[in-house]
Structure formats: structure tokens, C-alpha cells
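Generate the whole structure from the sequences, applying the supplied hints.
Using the working numbering, the first residue of the sequence shown is number 259, and each one after it goes up by one.
Rather than coming from a laboratory, the hints here were simulated on the basis of the structure. Just so it is clear, CB atoms sit at the ideal spot from N, CA and C, and this is done for glycine as well. Hints may be right or wrong, so weigh each one.
What the hints assert, rightly or not - Dumping the calculated SDA-like pairs for lysine to any residue here, alpha-carbon to alpha-carbon at most 25 Å:
| no. | residue 1 | residue 2 |
| --- | --- | --- |
| 1 | 316 | 469 |
| 2 | 515 | 552 |
| 3 | 475 | 586 |
| 4 | 607 | 350 |
| 5 | 321 | 475 |
| 6 | 533 | 547 |
| 7 | 540 | 530 |
| 8 | 361 | 340 |
| 9 | 316 | 294 |
| 10 | 526 | 491 |
| 11 | 535 | 524 |
Claimed, not checked - Quick list of the computed label-pair ranges, beta carbon to beta carbon:
| no. | residue 1 | residue 2 | range |
| --- | --- | --- | --- |
| 12 | 465 | 305 | 48 to 54 Å |
| 13 | 519 | 334 | 25 to 31 Å |
| 14 | 547 | 508 | 50 to 56 Å |
| 15 | 591 | 324 | 26 to 32 Å |
| 16 | 485 | 326 | 38 to 44 Å |
| 17 | 495 | 342 | 14 to 20 Å |
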Amino acid sequence: MQRRNFPPKHVDPVNYHVEEEEEEDEEEEFDLIEAMNEMTVHERRKVYALKGLLNDYKSVRAKFREELALLQIQFMQSAQGLRDVRSEIVRGVRDITEDELAKVKAATATTSGIREISDDENNEEDKTANAAAAAAGETTEQGEEAKATKSVRVVAPQEAGRLETAAANPNGGIPDFWLTAMCNTEVFDSMITERDRHALTFLQDITLEYVEGDPQKGVQLNFVFAPNEYFTNTVLSKTFHMSFNEDTGEVEIDTLKSTPIEWTSPEKNLTIVIKSKKQRHKSSKSIRVVKREEKCPSFFDFFTNPFGDDEDEEDENADDDDDDDEEDDEKAELQIEAGQLLMEELVPKAAFFYTGKSVEQTARQLQSQFDFQMFAGGDEDEDEEDDEDEEDDEDDHGAAGAGGARFIQQRGGQRARGGAGAARGAGKQQECKQQ
259 MQRRNFPPKH
269 VDPVNYHVEE
279 EEEEDEEEEF
289 DLIEAMNEMT
299 VHERRKVYAL
309 KGLLNDYKSV
319 RAKFREELAL
329 LQIQFMQSAQ
339 GLRDVRSEIV
349 RGVRDITEDE
359 LAKVKAATAT
369 TSGIREISDD
379 ENNEEDKTAN
389 AAAAAAGETT
399 EQGEEAKATK
409 SVRVVAPQEA
419 GRLETAAANP
429 NGGIPDFWLT
439 AMCNTEVFDS
449 MITERDRHAL
459 TFLQDITLEY
469 VEGDPQKGVQ
479 LNFVFAPNEY
489 FTNTVLSKTF
499 HMSFNEDTGE
509 VEIDTLKSTP
519 IEWTSPEKNL
529 TIVIKSKKQR
539 HKSSKSIRVV
549 KREEKCPSFF
559 DFFTNPFGDD
569 EDEEDENADD
579 DDDDDEEDDE
589 KAELQIEAGQ
599 LLMEELVPKA
609 AFFYTGKSVE
619 QTARQLQSQF
629 DFQMFAGGDE
639 DEDEEDDEDE
649 EDDEDDHGAA
659 GAGGARFIQQ
669 RGGQRARGGA
679 GAARGAGKQQ
689 ECKQQ
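Structure representation (C-alpha cells):
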């Protein structure tokens, strides 16, 4: 399998490798022997000494990576305890504690200015509403209606649906937590089809672990499922085997490994579609139904190996598989992008994606509020110019903005849905249906 670079989290202090492809080609054409022959004896001795220093640097860097791996393991163990608590709350194994709720209330009150209304305050507001209704000469029924509407907190329609579903769940968990979180990212929203959604409602948790307990060897993603009608696996794993390239100073992905999905039946296999075709016999005129399977876009293609397992078989058919190789490359790139999103963003910050707001979006909104407060007293001329610009934008893009989804740019070029993230991506794959 062709190796692929994985963006390092820690920048190498001495990045001596060449990045551009053109420069790499030029470097390959460089004749080292000829260059050494043109040097004097003293210059050669210095070059050899510098190469020795470079080897010493590699040794220091190797030690740094070993110590970094120990810190990563220690952090993983600490973070896993918090993720276990999250998993228990999501699955309804346990309820939240008063201390956990108090921390969230304090953080919410300081950042958003929203606070929870106590029962005493509700009673006072109810009395005020009833008094106002009586003074206005309203009937008792109208007063009760005013009382009811006064104590209700208005929420977004998407949020209300989730709250009602969670309230109806006797276990007290959060239904469709991971499905909702993944659909609020552009990468997974384009991968998940309508056929996949019901199967993903059984997804209970996504966990991370290092390959053989060593961060330098790779990362394994585990998707934990409840018993379901689609496959018998309880855990589907995706493993990214990595290695460190000493020459380039970057982490590279060597191979991708996946758990084979054990589908309960061909009809439940979400990666294929079964098509039926009637055929009439020429002589007997009898009719028979022929069924054939065709590949279908699905999120569960994530658990396939783009380059297969048999390298010899690939070598034999190398001349006939140029188009397939390009398709495999695209699949591998998509799987690597999705895996990186899971490792760095979705698994650590799943709650933000579940509500439709990632960390970057929240920070951007806070920044915009801060800027608005700082510059609220600006010149009227500047305000008028801004209004004119907005009117021009509305004239130019009014048709698109009337019913289009609002996107917020995220770090790394990703886009997340505005609000609760309910809008579907424009690049959504065409759904395939059973025929």
C-alpha cells in the first residue's frame, strides 16, 4: 500500500526535508558525488561532521518521541475515565450528579448569560401573571393559559424534538447521540445515507485506543453497537497503522485495517442494493426472476479496506485496474480524513457536535458578540455603509439566501450546519433504494 502523510500534531523544530514535488524531483537529479568532488578536503571534513550532528539530532528527536508517547498514554488514560462517564450518561446507565450539573450551570451563566429559573421564581412569576390577567378582566381559563405560557421555555424545533424523545426514554439516556453528532459534520453528513440512519441509531459509543498500547504504532477507533437487525458485530473497528519517517520528520499511515461486517442477510447489507429483473425463456415462455447485487454508497464503507488484503492479486491485475486504483485512492483519502476528524474533534468534543455547535463555532460567536459590544458606538457613516453593503448582498444573493442552509466555516476547511445542523449538505450522495 502506498504510504500517506498524516499531519503531525507537533512541528519538528528542524524541518530539513523538501516539501514541494518539483523540488523533490530536482533533489533526485542532484549528483552528490560530483558535488563532493568539487569540494576541497577541508570542506568535505566539515560536511561529514555536519552529517554526524544530524545523526545526533535524530537520536535526540527519537528520545523526544519516546517521552511524548509516554505523555500521550498518560493523557489517554485520564481522558478515558471522562469518556466512560459520558458513555454511561448517553446510554442511560446512570444519571448526572448534582456536582456535574452545578459545574455546567456555573459555566453557562458566565458565558451565555442564561440561567435556570428556580421553582420560587416560577411561583412569583405565576402570581404576577394571574394578577395581570385579573386586572385585565380575563377569564380564569385565559389566566391559566397565561400561567402556562409564562413558565414554558421556548426552544428550537430541532431541540424540542430531541428533548421530547429523551424525556420519553425510560432509561434516561440520549437517543441518537452519536448519529446526531456525526450528521452535524460535513464529512460524515455526506457519508451517511438515509438507509444508514436507522442502523446508526444503535451506535452507543465511539472509543479510541492505541495500537498495541503504543501511540507511535497507530490508533484504533472502536464503534460500539447495541444488538440490532443489521449485523451481528457488537464492535466495528477501524485501525490506522502509522510510522514515523525519519527523513521527512512526518507521521505516515502505512495500512488501514477494518473489522469485516457480519451482515444478518443480504437484504440487510447497507453497502449493496439488490435489484430484481424478470427474464422470459425463449422456448418455454416461462418467466424467472434474477436478482443481482450492486454496490451502494453507505457510511459502512468506512469499514472496508480500500486497497484490499491480497497484494499479489493486485499486482497481477495492475494493468487493468488504473481506474479502480484512483477510486481506491479517493476512498482511502476520505477514510483518513474521517478518521482524523474522529480522533481530534468528534470523539473528544462529541457534546458540542451533538448540539450543532463545535468549539470553533462557539468561540467565533463569542468573539462576534465581543466585537459588537466594543464597536457598537461607531460612526453613523460606517453603519450606513455597512447597511448598503448588506442590501447589495441581499440583492445579489437573495434567491440563494431565501431557503438555503447557513454554513459556518470551521478549522481545517470543514463546514458545519448553522443552528442545530439539521440542513443537509449540498454534496449529499444520491440515496440508493431497494428494488
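We went through each hint and held it up to the structure:
no.: 1; hint: 316 x 469; result: 24 Å, holds
no.: 2; hint: 515 x 552; result: 23 Å, holds
no.: 3; hint: 475 x 586; result: 23 Å, holds
no.: 4; hint: 607 x 350; result: 19 Å, holds
no.: 5; hint: 321 x 475; result: 16 Å, holds
no.: 6; hint: 533 x 547; result: 10 Å, holds
no.: 7; hint: 540 x 530; result: 31 Å, violated
no.: 8; hint: 361 x 340; result: 15 Å, holds
no.: 9; hint: 316 x 294; result: 23 Å, holds
no.: 10; hint: 526 x 491; result: 13 Å, holds
no.: 11; hint: 535 x 524; result: 17 Å, holds
no.: 12; hint: 465 x 305: 48 to 54 Å; result: 50 Å, holds
no.: 13; hint: 519 x 334: 25 to 31 Å; result: 27 Å, holds
no.: 14; hint: 547 x 508: 50 to 56 Å; result: 54 Å, holds
no.: 15; hint: 591 x 324: 26 to 32 Å; result: 30 Å, holds
no.: 16; hint: 485 x 326: 38 to 44 Å; result: 40 Å, holds
no.: 17; hint: 495 x 342: 14 to 20 Å; result: 18 Å, holds
Violated hints amount to a single one, hint 7; each of the other numbered hints is respected by the structure.
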